[in-house]
Amino acid sequence: MATAELCDLDIDELGRRYRARDLSPVDVAAAYIARIERLDKTLNSYVTVTAERGLAEAREAEAALRRGEAGPLAGIPVAYKDLYATRGVRTTAGSALLADWIPDRDASCVSRLRQAGMVMLGKLITHEFAFGIQFPGHRFPPARNPWNLDHVPGGSSSGSGAALAAGLTAGALGSDTGGSIRGPAAFCGIVGLKPTYGRVSRAGVVTLSWTLDHTGPMARTVRDCAFILQALAGYDPADPASSREPVPDYTAGLDQGMRGLRVGIPREYFFHDVKPEVVASFDSAMETLRRLGALVQDVSIPSIWAAPAFMVIMLGEAFAYHARDLRERPELYGEVLRDKLMAGALFTGEEYVQAQRLRSRLREDMHRALAEVDVLATPTTPGTAPAFATVLDPGFPFGRSNMAPFNMVGLPALALPCGFAPNGLPISLQLAGRPFDEATVLRAGHAFEQATEWHRRRPPLQ
Amino acid sequence: MTVERSDLTMDELRDRIRVAGVHIPEERLALIHGLLRDALRPVRAMDTREALTLEPAPTFDAAAERDRHGHR
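Chains A and B, in that order, are what the protein sequence lines are.
In terms of our numbering, the numbers along the first sequence are unbroken and rise by one, the last being 462.
In terms of our numbering, the numbers along the second sequence are unbroken and rise by one, the last being 72.
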């Protein structure tokens, strides 16, 4: 099988072929490494490629498969956003501050995927300290969008989105404080899941904002995200926010379809300034869900307009995390990031507390909406990936986010492809659910994916 | 739930920068002003007397059930 075909197989297919002895994890790892070597000079999705380690782990996986002792994800290639600590492998967080940091232990998520048998291909570029979009002054060259190299892949899990879309890994981990898993998934035409707050450990992942940070899987299909989530989910004493909520089987109910599921569309806020081609794709997606048997209705979230208070919490916490380095070593931060982090020092204590109170109200209203429906559906982003020329303008503002409200309330939210714009760039659907009900969100996403072909499209790479 | 209160002004921003003792270059002030103004708009619109029992969560628990007044 040719390299391109091997690197296009999803996790489900790879696992089946490994177990049938039809395919070798070593051959697959080698194919991925060769493809990274060939394509990533242009895409810049990896900051570090761990070829030797990847091949060694692939050999271990192959041996374990032969013995019948393999973990559930044995031999599946994975790469980590360079925010996840990896033992013995440089972890930069995209920053000059950590340019030479070689952790002496793995992040909990990395340990869990290793135990499940996954094969580490390397570390994926992140925006500096996982903050927002591409700012001028980043230390590392930016990842580029495989669908159009002049456009951003989204952020901050930019390398994760680009690498998956380009077939440079089968699975990836991202982190999501205000949309950093779902944004790159949307802009790169892949799937990303921000699980419930507390569902997946943050231990060993560099902090941006303690109460908003989430970790989670990114892949090319919903089912693949479910496989990775299964290996990640569960209590971790190393993460103070980790939940003891039991972990269900995320793949067991995937094929139950949409019949009887209620889908709520919150029309306020989420459709403000959304591009017509995105609205058209969203409407078409809702028609598909109806056709599959879903009951689609509008719902109201009265306090949704409080969502921009997200920035008070995020900037306040980010400044608290970085305060000492910002004062003592400001030159080690990218200039625009530094100024935005400094803005976190400008809120009063009262404002931070009021923003947290607004957050409590938003959570109440979301829970009330989710008492009427099983999932909420919105466009993931209001438009397609912007061009570098647009976002590298230092004055480029943060737009209002359709993703950040779900960080505010901690609910699980999935981004998956639902169309393409006339400019050839992907459009994405966001589905959010009740606390710890990732299973229903994944079920709905999988049903949509099975009824459409958007996730099968590949970027025109040479 | 909402009260009328004006947006953050550029003068207020300059005062805040002085009090916080941080440096933000002049050419970035408009950007930072927009960031703070938008973030603070819902906070300033909140009537803090209306829901005195609505509590901020010191540790955030996505699944915590609360009533209209923030009580578990």
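Simulated from the structure, these hints should not be mistaken for lab results.
Some clues are possibly wrong.
[Stated by the list, open to error] From the derived model, a few chain A residues whose C-beta atoms are all more than 10 Å from chain B:
1) 5
2) 9
3) 196
4) 234
5) 245
6) 290
7) 305
8) 336
9) 342
10) 353
11) 354
12) 357
13) 363
14) 394
15) 397
16) 459
[Said to hold, decoys possible] Chain B stretches covered by chain A per the calculated footprint, using a threshold of three residues with CB under 8 Å from any CB of chain A:
17) 5-17
18) 50-57
Glycine is no exception: its CB is placed at the ideal position from the N, C-alpha and C atoms.
How the hints compare with the structure:
no., hint, result
1, 5, "41 Å, holds"
2, 9, "34 Å, holds"
3, 196, "5 Å, violated"
4, 234, "15 Å, holds"
5, 245, "7 Å, violated"
6, 290, "29 Å, holds"
7, 305, "6 Å, violated"
8, 336, "7 Å, violated"
9, 342, "5 Å, violated"
10, 353, "5 Å, violated"
11, 354, "5 Å, violated"
12, 357, "5 Å, violated"
13, 363, "8 Å, violated"
14, 394, "7 Å, violated"
15, 397, "6 Å, violated"
16, 459, "32 Å, holds"
17, 5-17, "holds (count 3)"
18, 50-57, "holds (count 5)"
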